[in-house]
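Student: Model the placement of chain B on the given structure of chain A, informed by the hints.
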Amino acid sequence: MNIVKRGADERGKADHGWLKTAHSFSFANYYDENFMGFGPLRVINDDYIAGGAGFPTHPHDNMEIVTYVLDGALEHKDSLGNGSVIQAGDVQRMTAGTGIRHSEFNPSKTQTCHLLQIWILPDKNGYQPSYEQKQFSREDKLGKLRLIASNDGRDGSVTINQKASVYASIFNDGDTHSMKVVQGHGIWIQMAKGGMMVNDVELVEGDGLAIWDEGEITIKGKGESEFILFDLG
Amino acid sequence: MSKQQNKDLKTQFLERKQEMGIFQISFEDSESLWVGGAPDISTIQNRIVFTLKHSNAIDNDLSYMYKHHGEAKMRFEILEKFEFEPDAYLRRGILKTKITHWAETRNAKIMRI
Numbered sequence: 001m002n003i004v005k006r007g008a009d010e011r012g013k014a015d016h017g018w019l020k021t022a023h024s025f026s027f028a029n030y031y032d033e034n035f036m037g038f039g040p041l042r043v044i045n046d047d048y049i050a051g052g053a054g055f056p057t058h059p060h061d062n063m064e065i066v067t068y069v070l071d072g073a074l075e076h077k078d079s080l081g082n083g084s085v086i087q088a089g090d091v092q093r094m095t096a097g098t099g100i101r102h103s104e105f106n107p108s109k110t111q112t113c114h115l116l117q118i119w120i121l122p123d124k125n126g127y128q129p130s131y132e133q134k135q136f137s138r139e140d141k142l143g144k145l146r147l148i149a150s151n152d153g154r155d156g157s158v159t160i161n162q163k164a165s166v167y168a169s170i171f172n173d174g175d176t177h178s179m180k181v182v183q184g185h186g187i188w189i190q191m192a193k194g195g196m197m198v199n200d201v202e203l204v205e206g207d208g209l210a211i212w213d214e215g216e217i218t219i220k221g222k223g224e225s226e227f228i229l230f231d232l233g
Numbered sequence: 001m002s003k004q005q006n007k008d009l010k011t012q013f014l015e016r017k018q019e020m021g022i023f024q025i026s027f028e029d030s031e032s033l034w035v036g037g038a039p040d041i042s043t044i045q046n047r048i049v050f051t052l053k054h055s056n057a058i059d060n061d062l063s064y065m066y067k068h069h070g071e072a073k074m075r076f077e078i079l080e081k082f083e084f085e086p087d088a089y090l091r092r093g094i095l096k097t098k099i100t101h102w103a104e105t106r107n108a109k110i111m112r113i
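Residue numbers (my numbering), protein chains in the order written: chain A, 1 to 233; chain B, 1 to 113.
Simulated from the structure, these hints should not be mistaken for laboratory data.
Be careful, since some hints might not be right.
Unchecked claim - With a cut-off of at most 25 angstroms between alpha-carbon atoms, the simulated DMTMM-like pairs for lysine to aspartate or glutamate come out as follows:
{"no.": "1", "chain 1": "A", "residue 1": "163", "chain 2": "B", "residue 2": "87"}
{"no.": "2", "chain 1": "A", "residue 1": "193", "chain 2": "A", "residue 2": "139"}
{"no.": "3", "chain 1": "B", "residue 1": "98", "chain 2": "A", "residue 2": "15"}
{"no.": "4", "chain 1": "A", "residue 1": "124", "chain 2": "B", "residue 2": "83"}
{"no.": "5", "chain 1": "A", "residue 1": "163", "chain 2": "A", "residue 2": "226"}
{"no.": "6", "chain 1": "A", "residue 1": "13", "chain 2": "B", "residue 2": "8"}
{"no.": "7", "chain 1": "A", "residue 1": "124", "chain 2": "B", "residue 2": "31"}
{"no.": "8", "chain 1": "B", "residue 1": "17", "chain 2": "A", "residue 2": "32"}
{"no.": "9", "chain 1": "A", "residue 1": "144", "chain 2": "A", "residue 2": "205"}
{"no.": "10", "chain 1": "A", "residue 1": "163", "chain 2": "B", "residue 2": "83"}
{"no.": "11", "chain 1": "A", "residue 1": "180", "chain 2": "A", "residue 2": "132"}
{"no.": "12", "chain 1": "B", "residue 1": "109", "chain 2": "B", "residue 2": "31"}
{"no.": "13", "chain 1": "B", "residue 1": "17", "chain 2": "A", "residue 2": "33"}
{"no.": "14", "chain 1": "A", "residue 1": "141", "chain 2": "A", "residue 2": "202"}
{"no.": "15", "chain 1": "B", "residue 1": "96", "chain 2": "A", "residue 2": "10"}
{"no.": "16", "chain 1": "A", "residue 1": "124", "chain 2": "B", "residue 2": "87"}
{"no.": "17", "chain 1": "A", "residue 1": "77", "chain 2": "B", "residue 2": "87"}
{"no.": "18", "chain 1": "A", "residue 1": "222", "chain 2": "A", "residue 2": "9"}
{"no.": "19", "chain 1": "B", "residue 1": "81", "chain 2": "A", "residue 2": "32"}
{"no.": "20", "chain 1": "B", "residue 1": "17", "chain 2": "B", "residue 2": "87"}
{"no.": "21", "chain 1": "B", "residue 1": "96", "chain 2": "A", "residue 2": "61"}
{"no.": "22", "chain 1": "B", "residue 1": "81", "chain 2": "A", "residue 2": "33"}
Just so you know, these numbers come straight off a predicted model, no measurement behind them.
Next up, chain A with everything else stripped away, as it sits in the complex:
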């Protein structure tokens, strides 16, 4: 089994005043050909959006975009006519497919919105654009892996057009979870808040961890932490 850590400080960072962001993989002004993604996982942006600020209308195509709000809220409007406010704990999935335009703004004047924006390559191009949003409670994620996105929408997760299962979790000190890594699958763990141990690797906020080839991992909480785990394949 292979384990490679992507340290929080190694990420591409940008401070636009209204937006402070860290890119785990090449994005916008950050380009590193060694970090173009992990399998179909193409983008993880750790965004802090100032109150009242956001992304004006812009286009997307052929991408599964999952937004996971950690703190605050994000207002979304798109060319399909959808309009909603994504609150902390909400997961939004947007299939860009043949083309969609959307805007994203922090509706609060004072509170910063902290979110992870995740872009996953679809299994094929040309899907019909669509949108979905679901709420996952804190209790639902405490001490366990809660499925939030999958290719079949099982267990109440949002549906993405790719063979991937995405889990969100909140671990307290000492919470432990072991899982087998299936041959041919890749696992990516993204620390959203706090720190934890994965086998003998210590992760802190913002760190990422890539794991592949057959084996077993044990995740152990170290203080309160929140993380996203991707099972790709």
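Tutor: Here is chain B on its own, set in the frame of chain A:
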């Protein structure tokens, strides 16, 4: 060309592996240099030449040089090719970053397409 041949060629074109890229344009006997980027590097040269020939809807300075130096003295060179990004937002971001880098490296003007 038969209808079937035409259809096959169209299918081949649509199924080819598209690459993004950065290019430069220069003219003999001139130090002026332009750098640009394209989501499909394999077709951009034809597109630019066609536009220069038939309209002014392209970089004004480049259009002026083309008219005064002629196509025979124009040089098109690919500087870099890279994997196609399926998303428009990613394409735009990566092209902008790479065009800026190459324009600075070559002390070139950025071509407006």
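Student: Run every hint past the structure and note whether it holds.
Tutor: Tested hints:
A distance of roughly 19 angstroms separates the Cα atoms of residue 163 of chain A and residue 87 of chain B; the hinted pair therefore holds under the 25 angstroms criterion. This hinted pair checks out: residue 193 of chain A and residue 139 of chain A have alpha carbons roughly 16 angstroms apart, not beyond 25 angstroms. Restraint check for residue 98 of chain B and residue 15 of chain A: the C-alpha separation of about 20 angstroms stays at or below 25 angstroms, so the hint holds. Under the criterion of a C-alpha separation no larger than 25 angstroms, the hint pairing residue 124 of chain A with residue 83 of chain B is consistent with the structure, at around 16 angstroms.
This hinted pair checks out: residue 163 of chain A and residue 226 of chain A have alpha carbons roughly 23 angstroms apart, not beyond 25 angstroms. Between residue 13 of chain A and residue 8 of chain B, the direct Cα distance comes to roughly 46 angstroms. Violation of the 25 angstroms bound is thereby established for this hinted pair. For the suggested pair residue 124 of chain A and residue 31 of chain B, the alpha carbons sit about 45 angstroms apart, so the restraint of at most 25 angstroms is broken. For the given pair, residue 17 of chain B sits about 22 angstroms from residue 32 of chain A by alpha-carbon distance, which is consistent with the 25 angstroms threshold.
A C-alpha spacing of about 19 angstroms is found between residue 144 of chain A and residue 205 of chain A, which places the hinted pair at or below 25 angstroms, so the restraint holds. The suggested pairing of residue 163 of chain A with residue 83 of chain B holds, with an alpha-carbon distance near 22 angstroms, which does not exceed 25 angstroms. In summary, the hint linking residue 180 of chain A to residue 132 of chain A is not supported, as the alpha carbons are separated by about 30 angstroms, beyond the 25 angstroms threshold. A C-alpha spacing of about 11 angstroms is found between residue 109 of chain B and residue 31 of chain B, which places the hinted pair at or below 25 angstroms, so the restraint holds.
Proposed proximity of residue 17 of chain B and residue 33 of chain A is supported: the alpha carbons are some 19 angstroms apart, at most 25 angstroms. For the hint linking residue 141 of chain A to residue 202 of chain A, the alpha-carbon distance of about 21 angstroms falls within 25 angstroms, and the restraint holds. Only pairs whose Cα atoms come within 25 angstroms are accepted, and residue 96 of chain B paired with residue 10 of chain A is accepted, the gap being roughly 22 angstroms. For a cut-off of 25 angstroms, the pair hint linking residue 124 of chain A to residue 87 of chain B stands: about 13 angstroms separates their Cα positions.
Of the pairs offered as hints, the one joining residue 77 of chain A and residue 87 of chain B holds, with about 19 angstroms between alpha carbons and a cut-off of 25 angstroms not exceeded. Our distance criterion of 25 angstroms between C-alpha atoms is met by residue 222 of chain A and residue 9 of chain A, whose separation comes to about 20 angstroms. Of the pairs offered as hints, the one joining residue 81 of chain B and residue 32 of chain A holds, with about 14 angstroms between alpha carbons and a cut-off of 25 angstroms not exceeded. Under the criterion of a C-alpha separation no larger than 25 angstroms, the hint pairing residue 17 of chain B with residue 87 of chain B is consistent with the structure, at around 15 angstroms.
Only pairs whose Cα atoms come within 25 angstroms are accepted, and residue 96 of chain B paired with residue 61 of chain A is accepted, the gap being roughly 18 angstroms. With a C-alpha separation of about 12 angstroms, the suggested pairing of residue 81 of chain B with residue 33 of chain A holds against the 25 angstroms cut-off.
Hint compliance for this structure: hints 6, 7 and 11 are broken, all remaining hints hold.
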